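Given these sequences and hints, build the entire structure.
2 protein chains.
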Amino acid sequence: MEKKLLVTVSIILNLVFIIHILYNNSTTWNPTWTKRATVEAETAASVSCSGHGRAYVDGLGSLDGNKPPCECNNCYTGNDCSLLLQDCPVDANSGDPLFLEPFWMRQAERSAVLVSGWHRMSYIYQDGTSVSKELEKVIRKLHGVVGNAITENRFVIFGSGSTQLLAAAVHALSFIESSSPPARLLASVPFYAMYKEQAEFFDSAHLKFEGDAFAWKKSEDSDNVTQVIEVVTSPNNPDGMLKRAVLQGPNVKTVHDYAYYWPYFSPITVPADEDLSLFSLSKTTGHAGSRFGTNLSVYEKMKRYVTLSSMGVSRVTQLQVLELLKVVVSDGGDEIFSFGYETLKKRWDTLNKIFSMSNRFSLQTTKPEYCNYFKKVRDFTPSYAWVKCERVEDTNCYEIFRAAKITGRSGKVFGSEERFVRLSLIRSQDDFDHLIDMLKKLVSRGADFI
Amino acid sequence: MEKKLLVTVSIILNLVFIIHILYNNSTTWNPTWTKRATVEAETAASVSCSGHGRAYVDGLGSLDGNKPPCECNNCYTGNDCSLLLQDCPVDANSGDPLFLEPFWMRQAERSAVLVSGWHRMSYIYQDGTSVSKELEKVIRKLHGVVGNAITENRFVIFGSGSTQLLAAAVHALSFIESSSPPARLLASVPFYAMYKEQAEFFDSAHLKFEGDAFAWKKSEDSDNVTQVIEVVTSPNNPDGMLKRAVLQGPNVKTVHDYAYYWPYFSPITVPADEDLSLFSLSKTTGHAGSRFGTNLSVYEKMKRYVTLSSMGVSRVTQLQVLELLKVVVSDGGDEIFSFGYETLKKRWDTLNKIFSMSNRFSLQTTKPEYCNYFKKVRDFTPSYAWVKCERVEDTNCYEIFRAAKITGRSGKVFGSEERFVRLSLIRSQDDFDHLIDMLKKLVSRGADFI
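Protein chains in written order, with full-length UniProt numbering: chain Y, 1 to 450; chain C, 1 to 450.
Hint data in this document are derived by calculation from the structure and do not stem from the laboratory. The model shown is predicted, which means the values in this text are computed figures rather than measured ones. Among the clues, some could well be false.
Just so you know, same-sequence chains aren't split out, so a pair can sit in one copy or run between any two.
[As the list claims (entries may be wrong)] Below, a list of computed lysine-lysine pairs in the DSS-like style, where the Cα atoms sit at most 25 Å apart: (1) Lys346 x Lys441; (2) Lys388 x Lys353; (3) Lys67 x Lys35; (4) Lys196 x Lys208; (5) Lys141 x Lys67; (6) Lys412 x Lys218; (7) Lys133 x Lys67; (8) Lys375 x Lys346; (9) Lys4 x Lys346; (10) Lys35 x Lys405; (11) Lys253 x Lys218.
Structure, rendered in C-alpha cells:
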C-alpha cells in the first residue's frame, strides 16, 4: 500500500515537472542578440549608490569592461555616495531638470529602448525627411493633451535642442535685403541670456542684439521701419511670469519661447497660437542632454539652418525621445505632470515659508490662475526663484548668496539689476534639500540684523 | 521486483527534474525591467524584408503598438520589399554610407545598447563637461589604431556632426578685429559644397566665401594681409585625391577636413598632425544620423560655438557612438576596415571594367600608395566616382546621366565644370547593383556612337 502511494506520488510529481518544464520553455522569452546589452544595462542599474548617485553604462572604466562606478550627486562622495561633504557649496545655478529623475526611475521599463548598430544608418527616413514621422505625431499629441499649443495646420521642426531652434528662428526672421540695416533683437528685461549671447557670438551681418524691448519702444530709434525681432519668453526665465509681446507693428516679428509652458511650472491658461513658438524637451521630460523643440512656420529657412548647422538630429536621440513621449502621453500626461507639479509645489511651499521669515530677501509673487490642464485654479510653481535683496546696502545679491555658499545666477545676466539673483529649483532633490539648509542659515542670520 | 524498479526509476526521474529546474533557475538569466525594450527590438529585427529593406522599432505605426512595417530600399516595394520596380531611377547622389550596414547587422549583439529614461538626464557629465570621457578615450584609441591622426597633447571636441564642427572651426578662425575686412573662405576646386553653403547662409559679418584657392593665389587681392581660411579636404570630396594646402603665409589659417581619411577609401599614408582637423562618424562607422567629429586646438571658441548652437550632443548619441567605436577598436579595426575596403574594392573593380569599355566617359585615376594601416601598397577606393563626359557636345554631364535615369551630383556644385558628375559608391548594395545595371546600359548605348 505504501509502495503504491509512493509510486503514484512519484509519477504525479514527474508529470508536474514535465508540464512545468514544457510550459516554461514555451513561454519563457528567450533573449538572443539583445542579451549582452541587457545584461550591461541591468548591471549598471543594479549598482547601489545610496540614493545619492547613479551608475551609468558609459561610466568611467566601461571601455575596459569594468563595472561602472557610482557618480555622486553634488556634495556626496565615497564609493557608494554615502558620505556627505561638510561645508559644501550649493549649486543653484543652472536649470538642470533633475527633479523629474525619480519619475523616470519608476518608469525604467516603459521608457527603455534598445538599439543596435544597424538602426537607421541613413541620413534620411524613408519619406526622404530627416525626422521620424512617429515622433512628429507624438509631439502633436502631447501638445493636444496638455493644451499648451495648437498644432493643426502648423509645421513642426526639430533641432538639436531649442537652443539650435532659437538660433534658426532668429536667423530665418532676420533675412532682409542686404542693403538694409541689421534687424534688432529685443527681449523685455529680465530675459534669458542665451538670446544675447547667441546674437553676439554668431555676429550675423543681418542681426544686432539691442537689449530691452521696453527701452526700445521708448527710444527714438523705434521708427516703425527698422526690422525688429522680439523674443517673448512665457513663462519667463528667470521670474516665471506669463509674458506678452511688448512691440507691435509691420516691422516687428515675434518669437515665442514656451520652454517653460508646461503644467509643472505654470497654469496652462490658453493654447499657444503664434506664428512661431519654441518648446524644449529639457523642460518637458527633463532630458537636458537630448533636447527637442517644435515650432510653427518660417519652416523652410529654419529647416535649412538645422541642416547646415548639424545635418538634423541623431537617429537614436529621435528614437529615445519617441519612447519618452510615448510614456508621457500614454495616460494623458497624468502621472508625469502630477508628479512634477507636486514636487515643485512642495519645494515652493518650503521656500515660501523660509522667505516669509525674512525682510532681507523677497521672492517674486504671482496670483493663482485657472489651469486648463489640471482643471482647477492653481499656483505658479516656477523653475526659478527670482530673489531680490531688499536692503539698500545689499547691491550685489549674487555675492551675498555666494558668501553663504549658495551659487545662483546674477540678475545682471538677465539684463536686470545686481540686486536680483536667480536660484534654480528644478535640480535634484539632494541639491534642493541642500539649498534649503543653506537658505535657512542665511535667512536666520539675516534676521539678526533686522 | 518490477514495482521496485518503477519506484526507483520514478524517484530518479524526480531528482533529475528537480536538479534541472534548480539549475535552470539559477543560471538562466532573468530579464526584468529590460524585457519590454528587448522584446520590442527583437520583434522589429525579426521582420523579414527579403534582404531589400528593414523594419525599425520606431517605424510607422509603432506609436499605436503595431508591428513595424518593412522600409524598402530604393526601387523595391511590397509588404516584404520583394518587388523590384521597373524603370526605377537610380539615386547615386548623396554619400549615404550604407555600404557598412551588413557589417553592423552582423555585429547586432556587440553593438547593441539599452538605455532607459533615467540615463544621464543632466546637461553635464560628472566632471562638469558635456562630453563622455570614455568616448573621448575611445576616439583617441581609434585614431591611434588606424594611424590617421596624432591625438597626443591635442584637444578633442565633439559636435552634432562634422557639419557643425566645420561651422564652429570656420567661425572660431574668423574672429578678427571688427574693423578689419571679413576673412575669406577658400577651397581648391573641386570642393565640397557645404563650405560655400554654410558661409553664405550664416552670413557672418566676419566671413566671406571667396571660392577657388588657386584663383585667389593668382589674384591681386591676395596681399598677405587679408585674413584667409583655406579648407583642405583630403581625401577630397568629390574626387578622392589626397590634397595639400594651396595657401601659406602669416595671414592664412587652415582647416583640414579628414572625413574620408579612413582605410575604406584611401591609403593611410601619414597620420594627420595639423592644427585643426575634422573627422566624421558618418564616414567612420557609417552612422550618418549620429555624427561626431574631432579636432585639435582653437578649442574654447569652438566649444562655445557648439554650446551656443546646440548645447552639446545628446547623451544617448554619445552612448551609442561609444558602443560602436568599442566594437570597431576591439580587434584593431580589422573586421570593419577589411569589410569596408573589400566592399569598395569590388565596387571599383566592377566600375572600372564598365568605364574601360567607354570613350565617352572617364573616371578619375589615382596611383596605388603604401597604406600604413593595411601594411601594403593598395589602390584608392574613393567614396565617389568623379566622372567626366569627354565628348565635346556633352557639356552637361549631370543631365546625360539623368536622362539615363541615374541621379548624380553636378560638377558645378563642387565649383567645377558641368562636364563632371559625381556618383556615390558608398550607398546600399541594392543601390550600387542598380547603378551598375543602368551604367552598363548607358555605356553600351554610348559605344554605338563611337
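Against the structure, the hints:
1. Lys346 x Lys441: Within one copy, since 20 Å is at most 25 Å while 73 Å is not.
2. Lys388 x Lys353: Cα proximity of Lys388 and Lys353: one copy only (16 Å, versus 78 Å across).
3. Lys67 x Lys35: Classified as both: same-chain Cα gap 17 Å, cross-chain 21 Å, threshold 25 Å.
4. Lys196 x Lys208: Both: 9 Å inside a chain and 23 Å across chains, each within 25 Å.
5. Lys141 x Lys67: Only across copies: Lys141 and Lys67 sit 20 Å apart there, 39 Å inside one copy, limit 25 Å.
6. Lys412 x Lys218: Within. Shortest intra-copy distance 21 Å satisfies the 25 Å Cα cut-off; inter-copy 51 Å does not.
7. Lys133 x Lys67: between (37 Å within a copy, 16 Å between copies)
8. Lys375 x Lys346: Result: close within a single copy only, 20 Å intra versus 66 Å inter.
9. Lys4 x Lys346: Answer is neither: 69 Å inside a copy and 73 Å across each miss the 25 Å cutoff.
10. Lys35 x Lys405: neither (47 Å within a copy, 45 Å between copies)
11. Lys253 x Lys218: within (18 Å within a copy, 45 Å between copies)
This entry does not satisfy hints 9 and 10, going by the numbered hints stated previously.
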